[in-house]
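Taken in sequence, the protein lines are chains W and V. Using the working numbering, you'd call the opening residue of the first sequence number 1 and step up by one each time. Using the working numbering, you'd call the opening residue of the second sequence number 1 and step up by one each time.
Just so you know, these hints were derived from the structure itself, not from any lab. It is possible that part of the hints are untrue.
Derived DEER-like restraints, expressed as beta-carbon distance ranges [what the hints assert, rightly or not]: (1) SER26(W) x THR140(V): 47 to 55 Å; (2) LYS103(V) x ALA40(W): 28 to 36 Å; (3) ARG58(W) x LYS103(V): 30 to 38 Å; (4) ASP39(V) x LEU198(W): 35 to 43 Å; (5) ARG158(W) x VAL77(V): 44 to 52 Å; (6) GLN135(V) x HIS57(W): 38 to 46 Å; (7) ASP23(W) x TRP110(V): 30 to 38 Å.
Remember, predicted model here, so these are calculated numbers, not experimental data. Ideal placement from N, C-alpha and C gives every residue a C-beta, glycine not left out.
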Amino acid sequence: MPSDSRPANVAAPDIPTSDSPKDPPSVIALFLAFAKMSLAGFGGVLAFARRALVEEHRWMTAEEFNETYALCHFLPGPNIVNLSMVFGSRFRGIPGGIAAFCGLVGPPMVVVMILAALYARFGEIDALRRVLAGVSCAAVGLLIANIFKMMMPLVRRRDIAGFLLMIVVFAAIGLLRLPLQAVLLPAIPISIGITFLLRWRAQS
Amino acid sequence: MNLETHPVWALVITFGMMSLFAVGGANAAVPEMHRIAVDVRHWLTDKQFADVFAIAQLSPGPNVLIVTLIGYGVAGVFGAVAATLAMCVPTAVLAYYVNGILKRSSASRWPAIIQAALVPLSIGLMGASALVVAQAADRTWVAILLTFVAAALAFATKLNPLWILLAGGCLGFTGLI
Numbered sequence: 001m002p003s004d005s006r007p008a009n010v011a012a013p014d015i016p017t018s019d020s021p022k023d024p025p026s027v028i029a030l031f032l033a034f035a036k037m038s039l040a041g042f043g044g045v046l047a048f049a050r051r052a053l054v055e056e057h058r059w060m061t062a063e064e065f066n067e068t069y070a071l072c073h074f075l076p077g078p079n080i081v082n083l084s085m086v087f088g089s090r091f092r093g094i095p096g097g098i099a100a101f102c103g104l105v106g107p108p109m110v111v112v113m114i115l116a117a118l119y120a121r122f123g124e125i126d127a128l129r130r131v132l133a134g135v136s137c138a139a140v141g142l143l144i145a146n147i148f149k150m151m152m153p154l155v156r157r158r159d160i161a162g163f164l165l166m167i168v169v170f171a172a173i174g175l176l177r178l179p180l181q182a183v184l185l186p187a188i189p190i191s192i193g194i195t196f197l198l199r200w201r202a203q204s
Numbered sequence: 001m002n003l004e005t006h007p008v009w010a011l012v013i014t015f016g017m018m019s020l021f022a023v024g025g026a027n028a029a030v031p032e033m034h035r036i037a038v039d040v041r042h043w044l045t046d047k048q049f050a051d052v053f054a055i056a057q058l059s060p061g062p063n064v065l066i067v068t069l070i071g072y073g074v075a076g077v078f079g080a081v082a083a084t085l086a087m088c089v090p091t092a093v094l095a096y097y098v099n100g101i102l103k104r105s106s107a108s109r110w111p112a113i114i115q116a117a118l119v120p121l122s123i124g125l126m127g128a129s130a131l132v133v134a135q136a137a138d139r140t141w142v143a144i145l146l147t148f149v150a151a152a153l154a155f156a157t158k159l160n161p162l163w164i165l166l167a168g169g170c171l172g173f174t175g176l177i
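Make a model of the complete structure from these sequences and hints.
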């Protein structure tokens, strides 16, 4: 379903046709909405966040969601955590941001702590070891699939500079095991410089 | 209590710093987590790291919660909360301020350029993550085969990733891996 289509069954005349958010959600509503999408979010929360914020609550249009996500994606750190803070604070200032952040991180953190306690207690049991060995192999596979999906736009653009940077970072971190800062502190300005030059050349 | 050597303090310093360099999200920071938690600080063994990665993927919530598991192993519940907040709060605060700045100076094209510039770096980092976890997890030919089948399924189909993880767990339970 295209994300910008209006649901056909809401014909009530009092619903405004503009894209602007309706009533700004309360702090508690923000906490609950983010807690719900986070606890439902197996294998990444992004898809659930989009569904909840854009389609279910209609607090944001699809374009606003994409813009906000792009902002949170270029900043470091867990993107969806950044998004919760930015989103919540747009409606209710800092308390709203903290409420969305706590909803997103708090409840699943409790779940994970329970799993951590179980792992600490039963982690040496043979059957569990075997199950986790299988899950980690599959999890690596999911990561590889994700990497190839992210690579497709580079392939389509024949972005040679991008590929070179990608391989250098992969080798420095994955093979040489250099510290993250030591690699990114030079790599980030170099990459930004190259991207800027290529765009500037493409324009002129 | 010596602050310098206290394990919770070490968690806060480690993940607080990592938070600001985790370009491309939590999965891109996995090699750095492995380097510090396994090689430098000896908080976990290689095998435990692969387990923790698997549990984090199986759990609901953002992938960043792998740091909760590492923190729990180091210093219990307090360590888990400290590690999670250290990894999430600095970057969330940064996001809040950058959002405010960008809203005031509208039509800035820098975010788009920076984002485009960071994409190849994130992919390289995630490739390194896959390599680091694979070196701990993929010890047999069957395991490597399972990884490739999972990758192909996740790439080519819209299957919910959770099913792929659970299928991997079931195969592991049978003792094939």
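Hints and how they fare:
1. One distance hint, 47 to 55 Å for the beta-carbon pair SER26(W) and THR140(V), holds here, with the actual separation near 53 Å.
2. Checked against the hint of 28 to 36 Å, the C-beta distance between LYS103(V) and ALA40(W) comes to roughly 30 Å, which is consistent with it.
3. Between ARG58(W) and LYS103(V) the beta carbons are some 21 Å apart, a value that contradicts the proposed interval 30 to 38 Å.
4. A hinted range of 35 to 43 Å holds for the C-beta pair ASP39(V) and LEU198(W), which are about 37 Å apart.
5. The hinted range of 44 to 52 Å is satisfied by ARG158(W) and VAL77(V), whose Cβ atoms lie roughly 50 Å apart.
6. GLN135(V) and HIS57(W) have their C-beta atoms about 43 Å apart, which keeps the hinted 38 to 46 Å range intact.
7. A C-beta distance of roughly 34 Å is found between ASP23(W) and TRP110(V), which places it inside the suggested range of 30 to 38 Å.
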